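The residues making up each chain are set out below.
Protein chains: 2
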Amino acid sequence: MTPISKRVGVLGAGQLGRMLAIAGYPLGQKFGFYGMSDDEPSALLGHMHKQSDDTDSLQKLVDFADVITYESENTDVETVRKISQTTPVYPGEKSLFVTQHRGREKGMFDQLEIPCASYRIVDSLESLQLAVDEIGVPAILKTTTEGYDGKGQFVLKEKEQIDEAWKSIGGRELILEGFVEFHRELSIVAVRNANNEHVYYPLVQNVHHEGILRYTIAPAREVSEEIQQQAELYMQKLLDELDHVGVLTLELFETTDGLVANEMAPRVHNSGHWTIEGALTSQFENHIRAICGLPLGSTEPRQPLAAMINIIGETGPVEKVLTMDNVFLHLYDKAERKGRKLGHINLIADDEESLFSLFKELSDFLPK
Amino acid sequence: MTPISKRVGVLGAGQLGRMLAIAGYPLGQKFGFYGMSDDEPSALLGHMHKQSDDTDSLQKLVDFADVITYESENTDVETVRKISQTTPVYPGEKSLFVTQHRGREKGMFDQLEIPCASYRIVDSLESLQLAVDEIGVPAILKTTTEGYDGKGQFVLKEKEQIDEAWKSIGGRELILEGFVEFHRELSIVAVRNANNEHVYYPLVQNVHHEGILRYTIAPAREVSEEIQQQAELYMQKLLDELDHVGVLTLELFETTDGLVANEMAPRVHNSGHWTIEGALTSQFENHIRAICGLPLGSTEPRQPLAAMINIIGETGPVEKVLTMDNVFLHLYDKAERKGRKLGHINLIADDEESLFSLFKELSDFLPK
Numbered sequence: 016m017t018p019i020s021k022r023v024g025v026l027g028a029g030q031l032g033r034m035l036a037i038a039g040y041p042l043g044q045k046f047g048f049y050g051m052s053d054d055e056p057s058a059l060l061g062h063m064h065k066q067s068d069d070t071d072s073l074q075k076l077v078d079f080a081d082v083i084t085y086e087s088e089n090t091d092v093e094t095v096r097k098i099s100q101t102t103p104v105y106p107g108e109k110s111l112f113v114t115q116h117r118g119r120e121k122g123m124f125d126q127l128e129i130p131c132a133s134y135r136i137v138d139s140l141e142s143l144q145l146a147v148d149e150i151g152v153p154a155i156l157k158t159t160t161e162g163y164d165g166k167g168q169f170v171l172k173e174k175e176q177i178d179e180a181w182k183s184i185g186g187r188e189l190i191l192e193g194f195v196e197f198h199r200e201l202s203i204v205a206v207r208n209a210n211n212e213h214v215y216y217p218l219v220q221n222v223h224h225e226g227i228l229r230y231t232i233a234p235a236r237e238v239s240e241e242i243q244q245q246a247e248l249y250m251q252k253l254l255d256e257l258d259h260v261g262v263l264t265l266e267l268f269e270t271t272d273g274l275v276a277n278e279m280a281p282r283v284h285n286s287g288h289w290t291i292e293g294a295l296t297s298q299f300e301n302h303i304r305a306i307c308g309l310p311l312g313s314t315e316p317r318q319p320l321a322a323m324i325n326i327i328g329e330t331g332p333v334e335k336v337l338t339m340d341n342v343f344l345h346l347y348d349k350a351e352r353k354g355r356k357l358g359h360i361n362l363i364a365d366d367e368e369s370l371f372s373l374f375k376e377l378s379d380f381l382p383k
Numbered sequence: 016m017t018p019i020s021k022r023v024g025v026l027g028a029g030q031l032g033r034m035l036a037i038a039g040y041p042l043g044q045k046f047g048f049y050g051m052s053d054d055e056p057s058a059l060l061g062h063m064h065k066q067s068d069d070t071d072s073l074q075k076l077v078d079f080a081d082v083i084t085y086e087s088e089n090t091d092v093e094t095v096r097k098i099s100q101t102t103p104v105y106p107g108e109k110s111l112f113v114t115q116h117r118g119r120e121k122g123m124f125d126q127l128e129i130p131c132a133s134y135r136i137v138d139s140l141e142s143l144q145l146a147v148d149e150i151g152v153p154a155i156l157k158t159t160t161e162g163y164d165g166k167g168q169f170v171l172k173e174k175e176q177i178d179e180a181w182k183s184i185g186g187r188e189l190i191l192e193g194f195v196e197f198h199r200e201l202s203i204v205a206v207r208n209a210n211n212e213h214v215y216y217p218l219v220q221n222v223h224h225e226g227i228l229r230y231t232i233a234p235a236r237e238v239s240e241e242i243q244q245q246a247e248l249y250m251q252k253l254l255d256e257l258d259h260v261g262v263l264t265l266e267l268f269e270t271t272d273g274l275v276a277n278e279m280a281p282r283v284h285n286s287g288h289w290t291i292e293g294a295l296t297s298q299f300e301n302h303i304r305a306i307c308g309l310p311l312g313s314t315e316p317r318q319p320l321a322a323m324i325n326i327i328g329e330t331g332p333v334e335k336v337l338t339m340d341n342v343f344l345h346l347y348d349k350a351e352r353k354g355r356k357l358g359h360i361n362l363i364a365d366d367e368e369s370l371f372s373l374f375k376e377l378s379d380f381l382p383k
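Just so you know, the protein sequences line up as chains A and B, in that order. When we follow my numbering, the leftmost residue of the first sequence carries the number 16, and every step to the right adds one. When we follow my numbering, the leftmost residue of the second sequence carries the number 16, and every step to the right adds one.
Don't take each hint at face value.
Identical copies go unnamed one by one, so any copy, or any two together, can satisfy a pair.
With a straight-line Cα cutoff of 20 Å, these simulated SDA-like cross-link-like pairs (lysine to any residue) come out [unchecked claim]:
{"no.": "1", "residue 1": "K75", "residue 2": "A58"}
{"no.": "2", "residue 1": "K349", "residue 2": "I227"}
{"no.": "3", "residue 1": "K166", "residue 2": "G186"}
{"no.": "4", "residue 1": "K109", "residue 2": "D91"}
{"no.": "5", "residue 1": "K335", "residue 2": "A209"}
{"no.": "6", "residue 1": "K353", "residue 2": "E329"}
{"no.": "7", "residue 1": "K349", "residue 2": "H62"}
{"no.": "8", "residue 1": "K356", "residue 2": "H223"}
{"no.": "9", "residue 1": "K353", "residue 2": "L370"}
{"no.": "10", "residue 1": "K353", "residue 2": "I227"}
Everything labelled a hint here was simulated from the structure, so no lab data went into it. Because the structure is a prediction, the values reported are computed rather than measured.
Produce the entire structure from the sequences given, and follow the hints as far as they go.
Right, dumping it as structure tokens:
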């Protein structure tokens with residue numbers, strides 16, 4: 016072990032853990048995972064502690080680790096609190112507690128004067144009716160916790176849909192969010208370490224289809240210096256308020272009135288996958304640096320333009336991808352299933368024309 | 016498993032296996048290793064089959080693997096021959112047989128009309144005396160097999176040293192090589208897959224100290240198009256003659272009479288480590304592509320200049336490396352030991368001045 020080497024325990028064993036490990040081994044780190052099965056994307060990339068193995072498997076990961084991190088904002092806060100008594104967990108409990116609940120998240124946006132959609136927490140048909148009267152339609156009803164890739168959401172176009180909406184996802188705590196008119200969806204990935212260093216990647220532009228991120232352009236086109244600084248200011252406030260250590264991602268809407276926060280994730284993010292080849296330091300390496308108490312790396316792009324295309328549901332003609340220049344394949348070793356993220360393709364280009372021509376060649380991987 | 020995924024078994028579990036795995040997982044490949052201990056650099060990066068486990072551990076690796084490769088040209092040919100009866104081994108037996116013996120290697124250079132030093136195989140004091148009479152001094156006496164990083168060599172400056180030389184490394188088959196006057200040491204990494212695709216990285220310049228590679232500049236400065244083509248022609252002949260599948264590396268001397276072959280290795284090579292961030296496709300990824308029957312990736316550099324500095328013996332001030340831009344750390348998770356390769360640092364630069372200033376900042380890692 017070198018002076019900078021640590022044993023990193025990851026709660027989860029999916030593609031994020033896999034890419035954290037691939038980025039972390041070159042720094043001399045060792046990895047362990049707490050997951051479900053030996054078929055998961057991270058299973059071969061370190062010590063695998065399965066939930067099913069025995070009741071001690073989580074403790075075994077904790078015993079192995081110098082520092083613990085997690086793949087998902089849906090990680091149990093109580094578990095993290097308990098682990099924290101013996102082993103540091105980054106990002107910390109507060110980051111997890113706030114980001115796993117849309118109401119708390121919006122509350123923090125308000126507190127820090129970061130613009131976001133108007134919202135109401137509802138827990139009954141009656142409170143939903145009241146909220147719709149206040150917020151108006153169109154509005155989006157969401158579960159306050161869990162829900163990703165468009166799951167657990169209902170778009171209320173008319174007041175007459177209230178019953179239907181409550182039947183569809185109600186019976187639990189929900190949040191009604193006012194509809195935000197936006198030109199496009201952006202996101203920003205930022206990193207903070209325990210020494211209070213902050214670094215920010217450029218804003219990127221994200222295109223979703225059926226609730227799932229399909230591709231990212233990095234940096235987002237036509238973003239003024241001012242808008243980038245605005246986004247960085249929001250991130251700085253959030254990182255500091257959360258005392259966040261690790262990567263934090265904020266999804267934003269670009270509107271005629273400026274940036275409006277949508278939601279945040281206390282982790283490496285799909286919209287940051289382009290950084291593997293696209294930036295001087297990837298989001299994965301910077302997350303590992305941050306949680307291991309190391310200096311953060313440069314977030315500079317390595318070329319004028321980069322992009323990321325998700326491989327969704329079917330693996331598709333990946334062999335063709337290998338015949339193309341300036342294109343990098345990242346498979347997660349997952350079985351095909353509708354809507355599932357199986358991998359992604361990173362692209363680099365000197366200009367928009369070159370990028371567009373790569374997109375054309377990769378049209379099999381884009382939504383029809 | 017995707018259509019391009021294979022299970023790769025590696026004979027050896029050192030840093031080369033480690034970097035092959037880090038490059039191969041994103042293509043959806045799985046890895047297994049046949050090694051000595053759980054402390055080896057690859058041990059956490061796939062299924063580890065230890066020689067000490069039981070007599071079946073090699074067979075277990077073979078049973079796991081769709082294809083087998085190896086880390087070292089000193090791999091036992093008989094073992095490879097046996098494995099080949101059930102599972103493809105790349106590079107094949109011929110590549111291994113020729114490259115693990117300096118006499119056979121030189122024989123192939125002669126056969127393919129690739130210039131190399133004059134040489135004689137000797138197996139006794141008498142035949143050594145005869146060889147020195149024919150080749151003259153200075154000359155270098157080497158073991159025909161094994162020997163790396165300057166081990167198993169004796170520089171004969173005067174004829175009077177014959178006894179001393181034989182005592183020092185004799186009592187086994189040796190090769191006496193004529194001394195080549197050279198300006199500098201170059202090397203070229205090339206790749207061939209089973210579909211007979213060939214790709215070549217640019218010639219790089221290598222600087223050794225006490226027999227160990229200390230740094231590489233890529234591409235080598237002031238190499239004419241003609242010299243690059245000459246090197247590629249030599250590689251093409253060697254790849255085809257060996258029916259080689261995978262990476263092949265050739266070390267060359269640049270002399271006033273042109274390129275002179277020194278030795279070759281049937282594997283990814285220390286002088287190709289710069290390709291991880293420096294080229295569109297790394298030597299490690301291209302080796303995996305080649306042995307898995309996939310199309311080869313572009314060998315184009317991603318920037319005007321790159322370099323690699325080895326971390327030898329002591330880990331040194333690696334935390335400082337993390338504070339520098341355009342610099343990438345690669346540690347192998349090995350304990351410190353004199354002369355041991357513990358990791359390397361990759362550098363990228365737009366021009367010689369920038370590269371030089373990075374070298375200055377990293378002088379702790381360079382020979383005094």
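**Request:** Hints the structure violates: just list their numbers, smallest first.
**Result:** Hint 9 alone not satisfied by this model.
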